[in-house]
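*Asks:* From just these sequences and the hints, can you work out the full model?
The listed protein sequences derive, respectively, from chains Y, F and Z.
If you count the first sequence from 1, position 199 lands on 198 in numbering that gives the first Met the number 0, and the numbers rise without skipping.
If you count the second sequence from 1, position 271 lands on 270 in numbering that gives the first Met the number 0, and the numbers rise without skipping.
If you count the third sequence from 1, position 143 lands on 142 in numbering that gives the first Met the number 0, and the numbers rise without skipping.
Treat the hints as calculated values from the structure; they're not laboratory data.
No experiment lies behind these values; they were computed from the predicted model shown.
It is possible that some hints are incorrect.
Computed cross-link-like contacts, DSBU-like style, restricted to lysine-lysine with a CA-CA straight-line distance of at most 30 Å [as the list claims (entries may be wrong)]: (1) Y:LYS176 <-> F:LYS497; (2) F:LYS188 <-> Z:LYS88; (3) F:LYS348 <-> Z:LYS78; (4) F:LYS288 <-> Z:LYS88; (5) F:LYS190 <-> Z:LYS88; (6) F:LYS188 <-> Y:LYS97; (7) F:LYS495 <-> Z:LYS88; (8) F:LYS348 <-> F:LYS20; (9) Z:LYS73 <-> F:LYS288.
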Amino acid sequence: MTIQGTFEETGNGAKPSHTEAAGHEEHGDYRVLGLLTFLFSESLMFGGLFAAYLVYRASTETWPPESTEVELLLPAINTIILVSSSFVIHRGDSAIKKGDVNGLRVWYLATALMGIVFLGGQVYEYLTLGYGLTTNVFSNCFYVMTGFHGLHVLVGVLLIFGVMWRSRRTNHYNAEKHTGVEMAEIYWHFVDIIWIILFVLLYVLTQI
Amino acid sequence: MAQADLTMDHSLERNGKHPEKWNWYHYFWYNTDHKVIGIQYLVTSFAFYLIAGVMALFMRAELYTPDSDLLDPNMYNALLTNHGTMMIFFWIVPAAIGGFGNYLVPLMIGAKDMAFPNLNAIAFWLNPPAGALLIASLFFGGAQSGWTAYPPLSLVTNNIGQSFWILSIVLVGTSSILGSVNFLITIFKLKTPNMTWDELPLFCWAMIATSILALFSTPVLAIGLVLLLFDINFGTGFFRPEMGGSVVVYQHLFWFYSHPAVYLMILPIFGIMSEIVTTHARKPIFGYKAIAYSSLAICIVGLFVWVHHMFTSGTPAWMRMFFTISTLIVAVPTGVKIFSWVATLWGGKIRFTTPLLFAVGLLAMFVFGGLSGVTLGTAPFDIHVHDTYYVVAHFHYVLFGGSVFGIYAAVYHWFPKITGRMYNETWGRIHFVLTFIGTNLTFLPMHQLGMQGMPRRIAMYDAQFEALNQICTYGSMLLGFSVLPFLINMIWCWAKGKPAGRNPWHSLTLEWQTTSPPAIENFDEEPIIWAGPYDYGIDTQSLETEATVEEMLEEVGQEVR
Amino acid sequence: MAQEKETVPSSLITLTVGLLVAGISVWYGQNNGLLPEQISKQAPLVDNLFDLMVTIGTALFLLVEGAIVFALIKFRRRKGDETDSPHIKGNFPLEVFWTAIPAFIVIGLGIYSVQLYSEMGGFDNVKKAVASNPAESIVELASASRSDINPLLLAQGNSIINRYGIGGNPDTAKTLPDLEVNVKGIQYAWLFNYPDSGITAGELHIPVNEDIKLNIEAEDVIHSFWLPQFRIKQDAIPGETTQLRFTATETGTYPVVCAELCGAYHGAMRTNIVIHTQEEYAQWVEDNKIARSPDFEQTVAATSQPVDDGEFMKPYVKDLGIDAESLKALQ
Ligand code: HEA
Ligand code: HEA
Ligand code: CUA
Ligand SMILES: [Cu+2]
Chain Y
0 MTIQGTFEET
10 GNGAKPSHTE
20 AAGHEEHGDY
30 RVLGLLTFLF
40 SESLMFGGLF
50 AAYLVYRAST
60 ETWPPESTEV
70 ELLLPAINTI
80 ILVSSSFVIH
90 RGDSAIKKGD
100 VNGLRVWYLA
110 TALMGIVFLG
120 GQVYEYLTLG
130 YGLTTNVFSN
140 CFYVMTGFHG
150 LHVLVGVLLI
160 FGVMWRSRRT
170 NHYNAEKHTG
180 VEMAEIYWHF
190 VDIIWIILFV
200 LLYVLTQI
Chain F
0 MAQADLTMDH
10 SLERNGKHPE
20 KWNWYHYFWY
30 NTDHKVIGIQ
40 YLVTSFAFYL
50 IAGVMALFMR
60 AELYTPDSDL
70 LDPNMYNALL
80 TNHGTMMIFF
90 WIVPAAIGGF
100 GNYLVPLMIG
110 AKDMAFPNLN
120 AIAFWLNPPA
130 GALLIASLFF
140 GGAQSGWTAY
150 PPLSLVTNNI
160 GQSFWILSIV
170 LVGTSSILGS
180 VNFLITIFKL
190 KTPNMTWDEL
200 PLFCWAMIAT
210 SILALFSTPV
220 LAIGLVLLLF
230 DINFGTGFFR
240 PEMGGSVVVY
250 QHLFWFYSHP
260 AVYLMILPIF
270 GIMSEIVTTH
280 ARKPIFGYKA
290 IAYSSLAICI
300 VGLFVWVHHM
310 FTSGTPAWMR
320 MFFTISTLIV
330 AVPTGVKIFS
340 WVATLWGGKI
350 RFTTPLLFAV
360 GLLAMFVFGG
370 LSGVTLGTAP
380 FDIHVHDTYY
390 VVAHFHYVLF
400 GGSVFGIYAA
410 VYHWFPKITG
420 RMYNETWGRI
430 HFVLTFIGTN
440 LTFLPMHQLG
450 MQGMPRRIAM
460 YDAQFEALNQ
470 ICTYGSMLLG
480 FSVLPFLINM
490 IWCWAKGKPA
500 GRNPWHSLTL
510 EWQTTSPPAI
520 ENFDEEPIIW
530 AGPYDYGIDT
540 QSLETEATVE
550 EMLEEVGQEV
560 R
Chain Z
0 MAQEKETVPS
10 SLITLTVGLL
20 VAGISVWYGQ
30 NNGLLPEQIS
40 KQAPLVDNLF
50 DLMVTIGTAL
60 FLLVEGAIVF
70 ALIKFRRRKG
80 DETDSPHIKG
90 NFPLEVFWTA
100 IPAFIVIGLG
110 IYSVQLYSEM
120 GGFDNVKKAV
130 ASNPAESIVE
140 LASASRSDIN
150 PLLLAQGNSI
160 INRYGIGGNP
170 DTAKTLPDLE
180 VNVKGIQYAW
190 LFNYPDSGIT
200 AGELHIPVNE
210 DIKLNIEAED
220 VIHSFWLPQF
230 RIKQDAIPGE
240 TTQLRFTATE
250 TGTYPVVCAE
260 LCGAYHGAMR
270 TNIVIHTQEE
280 YAQWVEDNKI
290 ARSPDFEQTV
300 AATSQPVDDG
310 EFMKPYVKDL
320 GIDAESLKAL
330 Q
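*Replies:* Here you go:
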């Protein structure tokens, strides 16, 4: 059944007839786009936190205040782990694009493990720092910022496990259909980027 | 047109899981149909409006006399905090954005549903627990530090109530972010392919601007409130000066959201105005592009004016001046809209339906409130009237005279579409007259009160202000009564009203081209754009053409079956 | 409507309407009578701005509303007319016009505000003070961090320059204020401390026609120091000292209002500013100095009693928790 619509001339020129009938592909799946939009918003949450941190930093004479200095070695190792995990997770994504579900699993498992190691390092750092959440404004910022980021890492790890769980079903993910895999990867990169900024703010800027 | 054009995205294809028609109980539970969600938003938010309105009536009763005699002052502060919070976060935002946004956007762009129906339902269902938290806070004495919750006051008064309040706002904030993601993707991706960007209804343009604004600003509020929560409950000192924190930082985080929030509450209303004015004036919208782009301009400029709420706070001179100028600039794009609507009315064939009356009432009151906003925008004058009833007058003019009038107009305008029945015009007009008089009676005298020296948020005031305050209180009682004709009209006509048919207003936007109420997936066929959304008066026979459109559609529908 | 027969040329109508609107607006701008008395040098400045904005606002409001009401009457649908109106979608020159005019107005208002704000003393800051007072100590002050300022300057009898609030205008900033008073906001009272005479009071007493500077602090939560008849206001912020500098132009007693929500009895946080002639003021200082030295408590009791607002404070005195003891603790 076809309907011939008479397009009224609306002053914008006649409408071009819609030719790309196959334009919609197999899925009108906008989840990736949705996730990106959401992460944009999410990044502003960190943005607010960073802005507040910089204000406190500017208005305090010695930053960080005495006896709340940060340790650099462990976090640097942690940073290397987290940053490299972004490359690892990308291998997983490339694997599924070639239809290699096993590859996906291996690389994703590796990423999750790296995330867990990172979290472990974080917890270790908390335990050994010698000052707590409430010591002073710097320590407030330090714990809230890293904690909030850590929460995101945790969510990322859970997402990765979710992907691995689903990948057990045959053909749940394949070379064409792998939006979930992609989303976990994008989220992981996001967490990674935030960490890099955080690392600069909390660890690098406090050394000078 | 080829067959293939008429099929929608496969992922949105009817999956056969839902019945032909929703039963009443489907409206009370998790449901992913955007129309059901829209109605859920509208009804719950209206309930909050009544609750918050009753709070206002209590406040006005207290303010009838200068002494603090009716309510305990703590109670007064709890009422005013919750009045402001509910009106903003549980009435205007969910009704305008959640309610009409959800109901109309997919219909207007010819889609079957929103891009993420499940996310949509989740976003709605974050509201009831948030509301429950807010109401629960009242049982612990309620938050008492105003809807702005400035520390240190919010740190030292009623910690439990304040914490509940924070959690509640963070929940609705999340809901608003999820909703905005959904609107943006829906409009950009599900717009029926044969609708060009300059045929997009202006309401959808307004929703784009609103969503962008929400995505930018809401997370910043969320983080500010989380920090406040930490200060209250976990011993941090972000906003405790004695611990090296700063109270002004909170104000920046708060207003970075809450100024844009006022535009969140007016931009969708502007969209609604554009639809209603042209339909009932039977004239194409004047300056389509200017209206569409001015929404985006307001959205962008609106992100850089927040310090005008902090002119007397810890802000240096350059900031006060910079934000004076940026604030004044917002008047320009807003003026463009106002003038365009007036020009749309000019030369039209205006039908005095209730939606049009409310729209015109809105024009009067919003222009007034906007102009008082401009006076507030200049720091030298704002220093005098900041935190006085002059500000209270300003924002009730824009919020009540603007947003609430807009929502009323929209409810009447789309009532036939949503329910399939006509409302009663006489009751509608009575409602309008009472509301219009009541609003001016309540809020006009407040300007003078503020300038003469009455600060806001007080339960007790100087005897010299008594007379004006009593006028305000009488006005608020009238406003209280004005709700009754509305409620009667809505409830009665929803049940028993005259059937309205597809398109009682002979409107040209897409939502009117389907049945009333629309079928579960909106359109039997992918809708065809016969004319631009506002192409009234293309030929004088347009009404006849209209009839043929309907006939043709019906024919088509039958043939398909 | 252009098609319709017009007996009066439309330009004449426009002219009459224009003059009428202009006339009404200017009149209302001058005679709105919405603001209270003007007691400070800043007050007339602020009121001029307000009156100007009322004039512009009235004109805009009348034009917009006039156009709407006219359109509603003239362009209402006639009975039986089921047709649409002419297909007019825009008018580019008109749109440019109504974008440009408001832009012009708001930019003008913006420039005026900045200039006015400077005249009110909004731009007073460290730099200016240094430029006009080349004494060494002030140079030091500019380079010293904020926390060092107080002792240094107080020792020399100099004025502290605060970052926020209204200070000296380009003229007065060159000189030090005649009188400084330290103001402290507590839940729910204002305390005034006169550093040069050591007096502490619950009411602000100042001489007329002298350059006064208040250094405003808050003890517990944010308060806001508002003098409605002076058109000036500044928040009292915990952890920051803010300032207000003004000259009273008339004697009398006027309210001091707390404008920022500070708790349940925020509405009761009121006191008075009493403006004396120079002689009366000197007398007041004498009296209070004497009263102060032997018995401190007595003075506080005598001076912290808000005069007019005593009535509605009374029932809450116990909730307020302001008694002589807590006052003393704060000193
Ligand atoms: C719907 C909500 C809404 C809207 C749309 C607005 C719109 C505006 N508001 Fe308002 N405002 C609030 C809600 C809103 N406001 C609330 C809730 C508060 C109080 C918060 C609190 O403290 O609790 C507040 C407070 C507030 C303040 C702080 C006051 C104070 O606390 O001291 C200021 C100061 O600048 C301000 C300014 C403005 C301006 C300039 C506009 C402009 O957008 C208005 C633009 C419109 C027009 C100007 C009219 C039409 C235009 C023309 C006819 C063109 C020609 C005009 C000129 C050339 C001037 N508002
Ligand atoms: C959209 C927002 C909105 C709306 C619609 C309103 C509506 C009203 N507001 Fe509100 N108001 C705010 C937003 C809003 N307000 C905000 C943000 C604040 C600042 C809070 C703060 O300072 O923190 C504020 C503060 C505020 C104050 C200042 C308090 C103070 O500073 O001390 C006052 C005082 O008069 C007031 C009055 C009113 C009145 C009389 C109405 C009337 O319009 C209400 C009319 C009443 C009804 C509509 C109820 C009708 C219901 C019935 C008659 C019962 C029927 C019941 C059943 C059928 C079950 N409001
Ligand atoms: Cu102090 Cu209000
Ligand atoms: Cu604002």
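*Asks:* Determine for every hint whether it applies to the structure shown.
*Replies:* Hints, verified against the model:
The hinted pair formed by Y:LYS176 and F:LYS497 fails the criterion: a straight-line CA distance of about 50 Å is larger than 30 Å. At roughly 28 Å between alpha-carbon atoms, F:LYS188 and Z:LYS88 fall within 30 Å of each other, so this suggested pair holds. About 11 Å separates the Cα atoms of F:LYS348 and Z:LYS78, which keeps this hinted pair within 30 Å; it holds. Simply put, F:LYS288 and Z:LYS88 have alpha-carbon atoms about 10 Å apart, close enough for the 30 Å limit, and the pair holds.
With a C-alpha separation of about 23 Å, the suggested pairing of F:LYS190 with Z:LYS88 holds against the 30 Å cut-off. Proximity of F:LYS188 to Y:LYS97 is assessed by CA-CA distance (about 28 Å); at most 30 Å being required, the pair is judged to hold. A threshold of 30 Å between alpha carbons decides the hint, and for F:LYS495 with Z:LYS88 the separation of about 39 Å lies outside it, so the pair is violated. Proposed proximity of F:LYS348 and F:LYS20 is contradicted: the alpha carbons are some 38 Å apart, above 30 Å.
With a C-alpha separation of about 27 Å, the suggested pair Z:LYS73 and F:LYS288 falls inside the 30 Å cut-off, and the hint holds.
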